[in-house]
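Based on the sequences and whatever the hints tell you, model everything.
There are 2 protein chains.
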Amino acid sequence: MSNATPLNLADFIRDIPDFPKPGILFRDITPLLQSPTAFRETIRQLAEPFRGQGIDLIAAAEARGFIFAAPLALEINAGLIPIRKPGKLPGKTLSHTYELEYGTDTLQIHADAIIRPGCKVLMVDDLLATGGTIAACCTMIEQAGGAVVGCAFVIELVGLEGRKRIAKYPTVSLIRY
Amino acid sequence: MSNATPLNLADFIRDIPDFPKPGILFRDITPLLQSPTAFRETIRQLAEPFRGQGIDLIAAAEARGFIFAAPLALEINAGLIPIRKPGKLPGKTLSHTYELEYGTDTLQIHADAIIRPGCKVLMVDDLLATGGTIAACCTMIEQAGGAVVGCAFVIELVGLEGRKRIAKYPTVSLIRY
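Residue numbers (our numbering), protein chains in the order written: chain A, 8 to 184; chain B, 8 to 184.
Hints may contain errors.
If several chains are the same, the list does not tell them apart, and a pair holds so long as it fits within one copy or across any two.
Claimed, not checked - Here are the simulated DSSO-like pairs of lysine-lysine, each with C-alpha atoms no more than 27 Å apart in a straight line:
1. LYS171 to LYS92
2. LYS92 to LYS28
3. LYS99 to LYS171
4. LYS127 to LYS175
5. LYS99 to LYS28
6. LYS171 to LYS28
7. LYS99 to LYS127
Hints listed in this document are in silico derivations from the structure and should not be mistaken for laboratory results. Predicted model, so just to flag it, every value in this text is computed and none were measured.
Pasting the structure below:
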């Protein structure tokens with residue numbers, strides 16, 4: 008991109024009404040992924056606040072989180088910890104069950120995911136909504152011995168106040184609605 | 008890495024017996040992901056055979072496929088098409104149902120995932136086993152108007168002969184068992 012026309016990442020987000028249910032306006036990241044320029048700029052902007060902090064690992068929950076966490080890990084020279092739904096990780100796992108609007112959900116990480124105690128871990132996801140998932144992920148990383156040094160999101164739905172759930176961590180988001 | 012000690016990616020794969028069921032030896036990629044050096048080298052080796060071919064898009068099925076497809080897309084300056092389980096993609100989708108050892112599975116892509124007809128698409132996944140999933144993905148990409156120019160895998164379980172299912176595409180794998 009020329010410096011004369013800075014890229015507006017929000018231009019690459021498509022609004023889809025009534026998904027996944029009536030009344031919900033879904034912010035679709037697939038146009039952003041289709042554009043190598045926009046995707047690259049997204050990773051650059053996610054990395055920017057966290058460069059030079061000695062971050063050891065990036066952690067993200069499946070599946071969309073992996074799309075941003077994996078390139079970000081390489082961008083800041085960190086390893087990647089996949090956080091998964093139950094039954095997906097083959098080694099010894101730690102599980103965490105957390106409340107959703109209706110019902111509960113469970114996530115798992117490998118018990119040995121944190122290379123050494125106190126490793127600096129950056130949490131990444133595509134979307135910060137109510138914050139339930141990211142708060143659960145932070146808890147799991149700390150239970151496994153990691154130090155959460157921040158949370159980074161492509162999109163933040165500000166009205167849902169998810170940021171309050173992770174108030175103790177530096178949190179950045181690139182596109183806010 | 009020094010040139011004197013070339014990295015052996017297989018050293019970063021952990022064997023876990025009896026997962027997901029008795030008698031299955033699971034090849035666990037999480038140690039590879041923990042190492043930024045090994046993860047970076049994996050992406051470099053996946054990209055190598057496909058550089059300079061004008062590939063427009065990388066396509067991968069959730070969830071582990073995203074971990075390699077996303078950095079590979081940036082490495083070769085391509086966009087990314089996520090292929091997902093039903094009900095995850097918000098736009099108009101194409102679906103494809105295919106047979107598994109027991110039962111069937113269904114995957115979806117956005118109907119507008121291929122930017123223009125004839126776009127060159129490289130398929131990526133962590134593992135080539137029986138080839139059912141990757142063959143289904145190739146079919147979907149072609150139905151959406153894309154041209155599949157190859158398939159790239161981190162691990163190939165050679166004895167399962169998945170390569171036969173995608174014999175018409177150039178196929179590379181980095182680690183073979």
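Quick rundown of the hints versus the structure:
In this assembly of identical chains, the alpha carbons of LYS171 and LYS92 lie at most 27 Å apart only when taken from the same copy (24 Å versus 31 Å across copies). With identical chains, the CA atoms of LYS92 and LYS28 are at most 27 Å apart both within one copy (22 Å) and between copies (17 Å). For the identical chains of this complex, LYS99 and LYS171 are neighbours neither inside a copy (32 Å) nor across copies (34 Å), given an alpha-carbon limit of 27 Å. Proximity of LYS127 and LYS175 under a CA criterion of 27 Å is satisfied intra-copy only: 15 Å inside one chain copy versus 45 Å between copies.
Taking the closest pair of Cα atoms, LYS99 and LYS28 come within 27 Å of each other only across two copies (15 Å); inside a single copy the shortest separation is 36 Å, beyond that limit. Taking CA atoms no more than 27 Å apart as the test, LYS171 paired with LYS28 passes inside one copy only; the shortest distance there is 25 Å, against 41 Å between copies. Within a single copy, LYS99 and LYS127 get their C-alpha atoms as close as 21 Å, which meets the 27 Å cut-off; across copies the closest is 40 Å, which misses it.
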